[in-house]
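*Asks:* Residue numbers (our numbering), protein chains in the order written: chain A, 1 to 345; chain B, 1001 to 1345; chain C, 2001 to 2345; chain D, 3001 to 3345.
Simulated from the structure, these hints should not be mistaken for laboratory data.
From a predicted model like this one, the values you see are computed outputs, not experimental measurements.
In this text, a Cβ means the ideal position worked out from N, Cα and C, and glycines have one as well.
Watch out, some of these pointers could steer you wrong.
Under the rule of at most 25 Å between Cα atoms (straight-line distance), these lysine to any residue pairs were calculated in the SDA-like manner [claimed, not checked]: (1) B:Lys1069 - C:Pro2028; (2) C:Lys2310 - B:Ile1014; (3) C:Lys2310 - B:Pro1070.
To be clear about the criterion: a stretch of chain C counts as covered by chain D if any three or more of its residues have a C-beta under 8 Å from a C-beta of chain D, and this derived list gives those stretches [as the list claims (entries may be wrong)]: (4) 2077-2084; (5) 2210-2216; (6) 2231-2245; (7) 2275-2282; (8) 2328-2339.
Number of protein chains: 4
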Amino acid sequence: MIVVMKRDAGEKEITAVIARVEEAGMKPHLSRGVERTIVGVLGDVAAKPILRETLERMPGVAEVVLISKPYKLSGREFQTEATVIRVGSVLIGGPELVVMAGPCAAESDEQVLATARAVKAAGATVLRGGAYKPSTSPYQFRGLGPEGLKMLARAKEETGLPLITEVMAPHDVELVARYADILQIGTRNMQNFSLLDEVGQIDKPVLLKRGMSATVHEWLLAAEYVLSQGNKRLMLCERGIRTFETYTRNTMDISSIPIIKKESHLPIIADPSHGTGKWELVTPLALAAVAAGADGLLIEVHPTPQTALKDGLQSLNFENFQALMARLEAVAAAVGRKVAKPVSG
Amino acid sequence: MIVVMKRDAGEKEITAVIARVEEAGMKPHLSRGVERTIVGVLGDVAAKPILRETLERMPGVAEVVLISKPYKLSGREFQTEATVIRVGSVLIGGPELVVMAGPCAAESDEQVLATARAVKAAGATVLRGGAYKPSTSPYQFRGLGPEGLKMLARAKEETGLPLITEVMAPHDVELVARYADILQIGTRNMQNFSLLDEVGQIDKPVLLKRGMSATVHEWLLAAEYVLSQGNKRLMLCERGIRTFETYTRNTMDISSIPIIKKESHLPIIADPSHGTGKWELVTPLALAAVAAGADGLLIEVHPTPQTALKDGLQSLNFENFQALMARLEAVAAAVGRKVAKPVSG
Amino acid sequence: MIVVMKRDAGEKEITAVIARVEEAGMKPHLSRGVERTIVGVLGDVAAKPILRETLERMPGVAEVVLISKPYKLSGREFQTEATVIRVGSVLIGGPELVVMAGPCAAESDEQVLATARAVKAAGATVLRGGAYKPSTSPYQFRGLGPEGLKMLARAKEETGLPLITEVMAPHDVELVARYADILQIGTRNMQNFSLLDEVGQIDKPVLLKRGMSATVHEWLLAAEYVLSQGNKRLMLCERGIRTFETYTRNTMDISSIPIIKKESHLPIIADPSHGTGKWELVTPLALAAVAAGADGLLIEVHPTPQTALKDGLQSLNFENFQALMARLEAVAAAVGRKVAKPVSG
Amino acid sequence: MIVVMKRDAGEKEITAVIARVEEAGMKPHLSRGVERTIVGVLGDVAAKPILRETLERMPGVAEVVLISKPYKLSGREFQTEATVIRVGSVLIGGPELVVMAGPCAAESDEQVLATARAVKAAGATVLRGGAYKPSTSPYQFRGLGPEGLKMLARAKEETGLPLITEVMAPHDVELVARYADILQIGTRNMQNFSLLDEVGQIDKPVLLKRGMSATVHEWLLAAEYVLSQGNKRLMLCERGIRTFETYTRNTMDISSIPIIKKESHLPIIADPSHGTGKWELVTPLALAAVAAGADGLLIEVHPTPQTALKDGLQSLNFENFQALMARLEAVAAAVGRKVAKPVSG
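Input sequences plus hints: build the corresponding full structure.
*Replies:* Structure follows, in structure tokens:
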């Protein structure tokens, strides 16, 4: 249930509504938009049929709307305006398209720095790179951990690019948040609820990847975990789903992009590197994602993909990444967007 | 195995190669390209190890290439140049993008004709429409049959648009081919091998939809059925695959478009109407398909989708189809294509 | 809608009900059970709200029931008693468990006859074997056709085992029905509607395999095609569905067995050979299917699986088939069934 | 790589092998079986080709075997004898079948205790019940936490049944392990690697559920995380995978049971409650799992399923659970097993 306040409603009236909601045993959720202020009512509303009527009669209340969708905070019903997230000088979810690029995993200072410089030169505005890597087998490379974070931080400082990096465990959130500008939740952790609770309480933007077998519905409910803890700087990321097809590593579900745009106000990023698992498919799928309405891209780039410790098959080399960026501009323009430019640094 | 002839090889040399292949119990398959003439050798080549050497030594032969992929005739190894199919004045698989649009099913002369005129006015160059409809339940609408074919034929004559329509049974191929300019094989019939054999023997272009649970590999092998019967005017159509996601009717596998472009020389068409099952997703997915390299689109359009006898939920009305066409032009240009124009008629 | 007649309703009353249904533009479907006679009403019942009331008032009518499930003829609502199908001396769908076994494809008289004798000796009561084989590639073995049918017929005559064999095209139905005691519709043809229409009109039992990506709902609607054409001797066969798992060829959906038992009155057979694609998994899955309530098994057996022209990996040799039969008896008894015995011949 | 010691090899020889492995930069893994002692060599063996030869020549070494499968510790190559895990007086993975039953979630002392008594009376030997519940939405019931653990502990004390309960976060492992006899890792956490690392270091048996979109291969690699941390008392649990079928909540992959038996030495438990999501399918699937070789069952039972706070649709009431146990005995006997009996308490 959502209480929509009148445009001229004052603080006193808002406070009264919140108090009344709490009194009824529900959890109020305040959202101040440019257009209107809204109080979300979380809890078993059906059990208190009288509450709606009571709220409707309170001063300052414009209307009380029942929400049918179970994703309250992430849904368009709750917030019609698109969420725009500022990361340094970059705005994610606005008219500009944001390209986040870099190595799958930090391997060495040289590799990270060379890649950061190359992706910046080609037009990326955020640096991606992993220090904690989910690995299907315990005997494979699991990332350099704190040492990797430091490498990424040095490249960030050198280039001025904000950093997105993955966090895999609740007890690592604090450390990773010290280095990262955006915390990434990976596909295997989309329903790691204690991790979601944790990143819901920090003051850093979060990118939530779709679980490889999650429906859009479940994905938005996972988003709800983060949002309901108070962190509203959340963006989503389509990275392919698991199907019977074996040619690609995953099947990139491009339709999820316009679906998220319709159902939610959160920005949606596309990851064609994991979405396809093959570098030669990354560019066409990146262009498709942008044509379908994506707010940004997450792309794996490596100086020498053939020697990468992880995911070399799906990484672009510098030349191919430049070629992608060159083609991206035109497609973005065709759908009324332009590619964000890195600040000079 | 493929025998590549020298550029200056004469008819006599080509005939000798064909005779030698037949003598060895294999089936020769002649392909004359602008660049080079090729003789495909179909059969259990591994069982005749001496044959390769024999062929290599024959006059006029440039080289003999072993093909690793099981899809011989549809593969890029066999034919590097893209197949371009002429339908009336329309070229499918060339630089221009072909839009095929119309109702899911022919319902009445008025409905078919009104739709044909509207899609032509908006820029479609081929009319789509079904007279034989696959229906999950025998109690649902299964199409008007011969009467529907006649309605479509009248609309074709009136507008000058060539017609694509589905054929579902081997014994209907002859009748449908009398009316249609392109015969469509639906998703449920991708592995209806007797139907594939039949359309492989007619002198009309064929559009082969991907089976809803077919891998790209299996799809190309189904194409092989048509091609190996002699009909080379074949195009493929991605229409979504079956996954766990329930928000959409199918999951449109946009990655199959660049995959087909890489593996095969056949044109690839995208059907975002069936690919999503929701009209509001048709436009973003159509744009995505074109950005990813599709050669054309197959779109369901209906005067009043809410009253359609079949698939109304995924049909665009005239206004929405015009809006799609308007946006399509820009995205096509961004990837170096332009939308084919209908001949004035 | 179903019209349930009174126990003492006479022919005249039944005929009157049928006439009234036809008059209303619906298709009547007469079903005489031991317990009660029923007239199914097929068509858009909702469009004729008055019809129900009219029928309820007619003499001899006990009640008129609206059916919510779209599968009318195959559903338990329509017929509560289990369908039992007689094939020679074998009863399928009754208390006894029927084992159908034999080679995937007929290759030679020796191979077919040796296998038929072996499976009969081990306790199979129906001979399986294919003359028309669906093959993903046109360059693979597609079966021996009419010659294969004759081989199977000779083995049938020699052993006295009734024969089940696949038919793939409408125009082959008549020929195959001349040799076969049960016609098998394969997984790729579950929605080959013209084939379903055809086998719905013959006087031979039909086994309808589940499409590899068909839901149970769609499978029962495919059954509806056969039943609504008049052929009521229909049995279903679970043979595995397509999932992301690659260890097995398909994922055998054992839960579909009790689901079919609950939703439908038709017999349900399990095919663990295709369901797993690996011979070493055939026995445990066969036992599981019987424990879950299957009415029979369809098992591939070959004298020398390693040299089979088709599906050798999933075929049992004679020794392994005997071992399966030995273990089957105990599991069948544990769920209150026993394995049918072949007639001596 | 695996070093198999001779039967008469002494401690000194084993220690020398371990030292040599560590010297080469690999991680040794000692496994003392009744039949033979083995030293697993974990690490990039291919990079040290000389190591194998060196080890082969050491005293006490019978042979050095290269392992092709990536799951070293969980694989049958590494350990041929089945792992049997003692929990109180119960042996899991031996000839007896273990039934673990109880409510999805602990709701109250009355509910937990009544259920514990009922399942014990019916023949269950382990009590299941959740205090921490993964919930797709943050607004649904997430379990009673520590209070729930205490309820379960009281029922355990009262009935003498050992307790299995889920742990969802690394920081809860210590607390949960204080109450539980077996720690359960749920399907969403199969690749929560920090949680796997954590339960790999405790001295309590662990049950690892299959991820809902995990292949058997990935599941065994997740098991490898637990085993390689030192905790060898690990059992696996099939609970259904995600497919396109919507009739059931998941598709229970019965074939994974014989696959695990073949590939691994770990016990395999079946959870037909989550595997089907429908109580009326629980019994046939439980019987099927046992017929296919499962070592035990995990069944949800609730005094009044219709009022359950979680998963009521898939819970058996007491009467239906008794009926299941009655039928189980016969099927277990048919495959040479018997159902373990609870100790009187």
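*Asks:* Each of the hints needs a verdict: does it hold here or not?
*Replies:* Each hint tested on the structure:
no. : hint                  : in the structure
1   : B:Lys1069 - C:Pro2028 : violated (53 Å)
2   : C:Lys2310 - B:Ile1014 : violated (35 Å)
3   : C:Lys2310 - B:Pro1070 : holds (17 Å)
4   : 2077-2084             : violated (count 0)
5   : 2210-2216             : holds (count 3)
6   : 2231-2245             : holds (count 4)
7   : 2275-2282             : holds (count 4)
8   : 2328-2339             : holds (count 5)
Violation of the numbered hints given earlier is confined to hints 1, 2 and 4; the remaining hints are satisfied by the structure.
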